[in-house]
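Peer 1: Residues per chain, in single letters:
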Amino acid sequence: MSSSNYYDVTTWHVGNPSEDVGKVINSIIADIKERQNASDVNDGGKPGAVIYLPPGDYRLRTQVLIDISFLRIQGSGHGFTSSSIRFNVPEDEWPDLHELWPGGSRVLVDLPVADSANPANGAAFLVERAGSPRISSVEFANFCIDGLHFTPDGSDLPAENSYVNGKTGIHVASANDSFRVNEMGFIYLEHALTIHNADALSIHNNFIAECGSCIELRGWGQASKITDNLIGAGFKGHSIYAENHGGLLVTANNVFPRGASSVHFSGVTRSSVTNNRLHSFYPGMVVLEDNSSENLVATNHFLRDHEPWTPFLGIDNGLDDLHGILSVSGSNNSVIGNHFSQIIDSASIRPEGATPVIIRLREGTGNFVSNNHIVAMNVHSSPSDDCFEAQVDALLATDDVEDLAVTAVLVDPGSARNTILDSGSDTQVIADRGTNAVRATPTP
Amino acid sequence: MSSSNYYDVTTWHVGNPSEDVGKVINSIIADIKERQNASDVNDGGKPGAVIYLPPGDYRLRTQVLIDISFLRIQGSGHGFTSSSIRFNVPEDEWPDLHELWPGGSRVLVDLPVADSANPANGAAFLVERAGSPRISSVEFANFCIDGLHFTPDGSDLPAENSYVNGKTGIHVASANDSFRVNEMGFIYLEHALTIHNADALSIHNNFIAECGSCIELRGWGQASKITDNLIGAGFKGHSIYAENHGGLLVTANNVFPRGASSVHFSGVTRSSVTNNRLHSFYPGMVVLEDNSSENLVATNHFLRDHEPWTPFLGIDNGLDDLHGILSVSGSNNSVIGNHFSQIIDSASIRPEGATPVIIRLREGTGNFVSNNHIVAMNVHSSPSDDCFEAQVDALLATDDVEDLAVTAVLVDPGSARNTILDSGSDTQVIADRGTNAVRATPTP
Amino acid sequence: MSSSNYYDVTTWHVGNPSEDVGKVINSIIADIKERQNASDVNDGGKPGAVIYLPPGDYRLRTQVLIDISFLRIQGSGHGFTSSSIRFNVPEDEWPDLHELWPGGSRVLVDLPVADSANPANGAAFLVERAGSPRISSVEFANFCIDGLHFTPDGSDLPAENSYVNGKTGIHVASANDSFRVNEMGFIYLEHALTIHNADALSIHNNFIAECGSCIELRGWGQASKITDNLIGAGFKGHSIYAENHGGLLVTANNVFPRGASSVHFSGVTRSSVTNNRLHSFYPGMVVLEDNSSENLVATNHFLRDHEPWTPFLGIDNGLDDLHGILSVSGSNNSVIGNHFSQIIDSASIRPEGATPVIIRLREGTGNFVSNNHIVAMNVHSSPSDDCFEAQVDALLATDDVEDLAVTAVLVDPGSARNTILDSGSDTQVIADRGTNAVRATPTP
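Listed in order, the protein sequences are those of chains A, B and C. Under our numbering, the first sequence has 290 at position 258, and the numbering climbs by one with no breaks. Under our numbering, the second sequence has 380 at position 348, and the numbering climbs by one with no breaks. Under our numbering, the third sequence has 143 at position 111, and the numbering climbs by one with no breaks.
Possibly wrong hints are sitting among the right ones.
List time: in silico DSBU-like cross-link candidates among lysine-lysine, alpha-carbon distance up to 35 Å [what the hints assert, rightly or not]:
id : chain 1 : residue 1 : chain 2 : residue 2
1  : B       : Lys55     : B       : Lys268
2  : C       : Lys65     : B       : Lys55
3  : B       : Lys268    : A       : Lys55
4  : C       : Lys55     : A       : Lys65
On the chain B side, residues computed to face chain C include the following (Cβ under 8 Å) [as the list claims (entries may be wrong)]:
id : residue
5  : Gly76
6  : Ser108
7  : Pro134
8  : Gly135
9  : Ser206
10 : Phe420
11 : Ala422
These are calculated hints, taken from the structure and not from any lab test. Even glycine gets a Cβ: it sits at the ideal position worked out from N, Cα and C.
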């Protein structure tokens, strides 16, 4: 470990990493750049460096600015523990708890309140570089970014349940290539990971939970992957959001509540949402909007049920049950081989007395909806003060239920020339049979 | 690496890691706890630590007890090599072998024989903590746990082929959150990895083979994932077992023989077994039992053929060919788009002369079986003394075969209101057409 | 890090890693072997070692020969940046670029020109060992292998666009077990990763691009996985190639242009290509040839469109539009639930005026083609000098298009007894209805 391109924040000679790890890392980056001043000659380049954060608490009072390629920042522990559960434990019980805070290689984000008009200001790590080439191969691995506290949102909700604080974990503002975010933990940030203009990005095997929004791919981009993550946003935000991306692969993720959406695509084309496990307490779990076209949504498990944990009872994302668990505005998408479980209390359906919609085709043409299995149950949910117990109990409950009538597929007048095969019985598919091809699932 | 939260077992001042790495690690954990005695104040927590095992042989004579969150134990090498093949090489040839044992960062489990009534006793690593919060973010990464030897099981089988020795690699006894097991190797353990009451667990990219059972999720749990592993249990045990779990994602695993089952769910709901490659020498490859419901089993490749390696000829899991390659006791499951290859010698079919069953629905209602492709061949297998060669030869053999008659889908009287589409020809689907909906695959 | 089994190339006493890291690593391997001379006794083995390359430029002038098990070579950065884009920037603009070369822990392959008849000669890392057992558990992780330059190929193409240079990143010549290649970067090599006779190999989460061919599994093998990689070969080579493999799992990869094929199987059986995102500029994206049988090709997203970047305009893989996007020579394969987008300029179709073929069954029997969705558009492509912009623009373009007539499935006379369900309208499926079963997709 004696290489001059290996840095440990605890041994760097500038700053105190416990007091302000941002200042330490910025000083290290300045050192890397100074040592790279030799021009690239004879195939020799500017290889970058690795910055190591051993397990420990590192307060960040200065934003880190990354403007060099080939920088890897790594720790030894994603450090997630539920702050949400702990903040909802009565404070007089805290002394009985083994620990109060996340851990591992933990960055405590303690920036001044950000200007909400510019979320980059509130980012612990800001990646930004003008000019060519695009900044490449920045890697974040196996450490924890903790936003510490949420702040009041003006509602009756306790501040720590608001999912807002103006803080972002990592904000990439410039076009970039071949970035990696692996094995990280993100906790109690309003935005965990926001990346603009990504090419060949990999977001893999992270733990991103109890954040307002988790993954946001903004601007435009291509050929990226979001794979094998554990993800769960707050009720106001997105678990996975992408706009104007092509060739994005979203697979093998386990996305749990309570995001306003599980996967939300806007103007995304020729991309895949396959093979994920998706769970939400609200409609609008997967949204393809703004002419999102030629995407494949296949072999996902969708579960929509009810909030079982008392602190969040009554909260929702504002969508009613006609919205669709999967909502499609776009053309030539494929929706194949998905399982949908809708397990709700019929008394809670909005609009009252409505028949909930599972798949809704709103706009566009030529969508192919085939061999999806829809299970719908009416269940009387029993909320609990114990978050884990409540969720497991609800997940495992298959008794004391009765069938619930749903619309399996609803095709709006704005959408036409779709093909709907074996995705609902004849009465469960509501579509103009003149402009759409329908083959109903045979019924016993 | 000077941080006080980074420990190397080879430089710790207590114990000798070659003689008893368990004693060394327990001493390190005691040190971590002592240094954490300051209470959590001002957002500051108990960040945990990382314990590093460089490549080397580390005998473990004392069980490690982990009762702190945010502990990462990591090595530099999963170290798998086949002990099974070597133990079946005549001993007088051993001097000609390049190496005899697994390697990497290797823990040699040398505990006293465990009480079989309490498998936790035989665990190299025991994770257990009462109270709140649940123990969180313990990570195991990139080292090898080697049980060294199997022991006689009372049968005629050589001791080293018995898959029993009372040893467990990692045993998690208490409810836990956000654990990770990545890039590990597990070898010659009766139980590789047993985890009770898991929440948001990730078991990813491990090599778990030549163990009695590989992955067992016991008790109950939710929102976990078992992804991208290479797994192969012994003939008595489970490759992947889960009970009372909801929202479990089992995907992208390559599960090879000879586990008694490849994936076995008991009372598991709203979970996914998708996109795996599964290979077994026996029926009962995927079992959904005890009211396992609303699960998705999709786009998996199932191969069932014969044991080709002479040391294990005649061994099986006791199930006959009517059991089903996939057996379902539960309701509202989805079985979509799987490929099944059944490549067996018709002379070996049990009961003699029976027509083997591929998918069997035993109990429950509302299962959806759609667009599965079933290939069945009668083949004369030729076992070999060379394990790798025998397996590859069998895998690649597609000549000298003839079609084999099978029942594609059998619906027992205990199961009703199922929908079976395009998963077998009319004669290959045996189901009460009055209580089940069947659309047979068209035949040329 | 004081263990004698942990080596850092920058601190080893033999050689200069900047001048010839190959000589340094070979010296380290010799040291490991010398220290392992004690025989394996009392369960004690030859655990191997880890060799660390901190971020930096390491020229390799001597081939590394690996002939010990349990060796892990690791860096701290995959270091990809596009050399292809930079070499196509006018040289007088280079001084304005932030950096010219890939980075991270970067090995600069500077071997004498290889004998093209023996690609092993041109390998930076050669793994080869005779005898038993097979060499096991060699791991490559998180460093960059850069071939630096391509060489003239005799065509009019600039040398740096030729994708040939006789260099290979890693070449495994001997039968092997439980190898891992994780988080690596491969750039500007004629062959990135060539592995013979693999058992239980894992190639996971790598970045392999701008190489002639990326992943080649040669000889024969079994039970391996290629998962979660970003891959893109040159127009002459393979992105993923395998021959005589059984039980191979190819999943969750994002394979981008411009490989002559995306996935090419020759004599591969009982394997899976599922859940990948595949993008190519030519036909022949997925090829199952030479009796590749009982494979599952499911829930992949196929996009074939046009080269949008001016330096490669006019280049193709020599296949015409009748070849098929997916071409099958083999039996009993399953092609289920895939999305195909064919977005081409009808004026470019070859043979002129032909109707392009999407899925072509050439030879074999018993293939099952079910529930694939085929989208075909005629588009006027607008190439650009800006590689990233051109690709994103093309990917996102769904306006100014019109439907294009295609043959969804073409069954050659050499293929029979296939089943084709819901994968094209009646006129889009060209097959002998006497010897194949066809159910056309209903049309609106």
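Peer 1: Could you check the structure against the hints above and give me the numbers of any it violates, in ascending order?
Peer 2: Failing hints, ascending: 3, 5, 9 and 11.
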